[in-house]
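Engineer: Following the hints, complete the assembly by docking chain L onto the known chain E.
Letter by letter, the chains look like this.
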Amino acid sequence: MIYLDHAATTPLDPQVREAMLPWLDDAVGYGNPASDHALGRRAWAAVEHARAQVAALVGAMPAEIIWTSGATESNNLAIKGALEFRGHAGAHLVTSRIEHKSVVDTCRHLEARGVRVTWLVPEANGTIGVEQVLAAVRPETVLVSLMWVNNETGAINPIHELAPHLRERGVLLHVDAVQAAGKLPIDLDTTPIDLLSLSAHKLHGPKGIGALFVRKRPRARLAPQIHGGGHEQGMRSGTLATHQIVGMGCACALAAQRLATDAPHLAALREQLWQRLRVLPGVYRNGDPAHSAPHILNLSFEGVEGESLRARLGDLAISSGSACSSATREPSYVLRALGRDDELAGASLRFSVGRTTTSEDIDRAAARVLAEVGALRALSPRWGT
Amino acid sequence: MNETDNVYAYPQAVWMRFRDPRHAGVLEGHDVRRVYARTPAASAVIELSIAVGPPLRVRFRAHGCPYTIAVGEWLAETLEREGLADLDRWQAGSIRQALEIPEERTHCALMGEDLIRALESVVKSSHPSS
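Residue numbers (full-length UniProt numbering), protein chains in the order written: chain E, 1 to 385; chain L, 1 to 130.
Rather than coming from a laboratory, the hints here were simulated on the basis of the structure. Careful: at least some of the hints might be erroneous.
Which residues of chain L face chain E? A partial, calculated answer using Cβ under 8 Å [what the hints assert, rightly or not]: (1) 7; (2) 21; (3) 63; (4) 64; (5) 65.
Ideal Cβ positions, reconstructed from N, Cα and C, are used throughout, including at glycine.
Chain E with its partners taken away, still in its complex shape (with noise of 0.2 Å):
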């Protein structure tokens, strides 16, 4: 198997794992942070240690980091947050279409609630442009909620040119940073973001951890979403997950170290990637690769049907969107903006690559891909005809 699916969630780093075991440990582990003893110090020290990693990894301070259970929830924390909060009547928010379905249910389930809602679609490069956004804001405008990159094409959305325009005009900006940490710098001392999600298992973390940074000065106010207890400066109630806590402040640790050497080494594997495939006739690259996470690359096939494709392709994990099937086949807005129709964007693969990828495997999933399109291909009357 060539694990070739990063952006949907990576392997545990060996060194996370080292550190989080301690903490699983029945002896002196298993104290609750919120305990006022020495095993409840014990747990404590080590969950404040980890927020100032998380903290540092975005330049953030580490009072202005929130545990939640992974980015869903942190997503779900920050938008439905900001505008009960605020109130529902008469608010206003601006989207994307092409955000994770955590933004877009919740925001989705606001709208039913009487909050209005902008939905942005994505420029012919598959980002959101600034001008776009600044066109959508109202004087009712409470919140811009963006991804920083996009889960599907890598395409980065232009949050360090938008930040500043959205804090002079006093609207909150909300950003899904999920595949952007640990792969492009964020610094949140210089980029007036509010709300900035996070997840561990996308960065070599465990899974069921997340954070939300939620900005001191000017001081973004959010409602609580889990009641009880007061935790996490009552934004955030619950026990805190000292093991899974940890590991998120160690992956956090690992990302902000790496990120001069592994950034680098992922644009070169994905580039590797696209040097071998793009030898076949009839393949299109998603995504404009100036504007891209070094990460992600999305193809499209022209002459295959992707279901297949996917299915032949089973010693390699990674990820496409469609099935065969005209009921539930929806189209996607990111691959349609980029001029792709519904069959190609439906014969379209998501490789992600991640620090643990070799050069080898590469190699090895290149020439799986070009054998299997070219016996798709073969089998197929529609192509070369």
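Structural biologist: What follows is chain L alone, placed relative to chain E:
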């Protein structure tokens, strides 16, 4: 079979024919008849080419999901084995049953039935007295 084979758990009858089609290709010659069926919504197409012979030979080409390709292979192998008699008895239901095609993929079996109806017409026009 290893863990990376048939990871999406297609019915074995479908998987075997999809993974290793024995009757893929195109026939040429004066005795070759060619028929097509397609489902525009799914952008799938199956083509059969039949050399009436003797011996009867059938090859197929297909563009579509694994069920579509398996239907093409099954039709080719079954036509070669059973010949062109009694084509009117071939229905989508029998194709679905033979390949264990689930209900949500019935359109793939219907494409197979469309091919058989098209083949019937070709056979009748070639032998109007039969």
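Engineer: So, residue 21 of chain L near chain E? Judge it on the closest CB pair being under 8 Å.
Structural biologist: holds, 7 Å
Engineer: Holds or violated: residue 63 of chain L as interface residue toward chain E, Cβ cutoff 8 Å?
Structural biologist: holds, 4 Å
Engineer: So, residue 65 of chain L near chain E? Judge it on the closest CB pair being under 8 Å.
Structural biologist: holds, 3 Å
Engineer: Minimum Cβ distance from residue 64 of chain L to chain E below 8 Å?
Structural biologist: holds, 5 Å
Engineer: Given residue 7 of chain L as an interface hint, is the shortest Cβ-Cβ distance to chain E below 8 Å?
Structural biologist: holds, 4 Å
Going down the numbered hints, you'll see the structure goes against none, and every one checks out.
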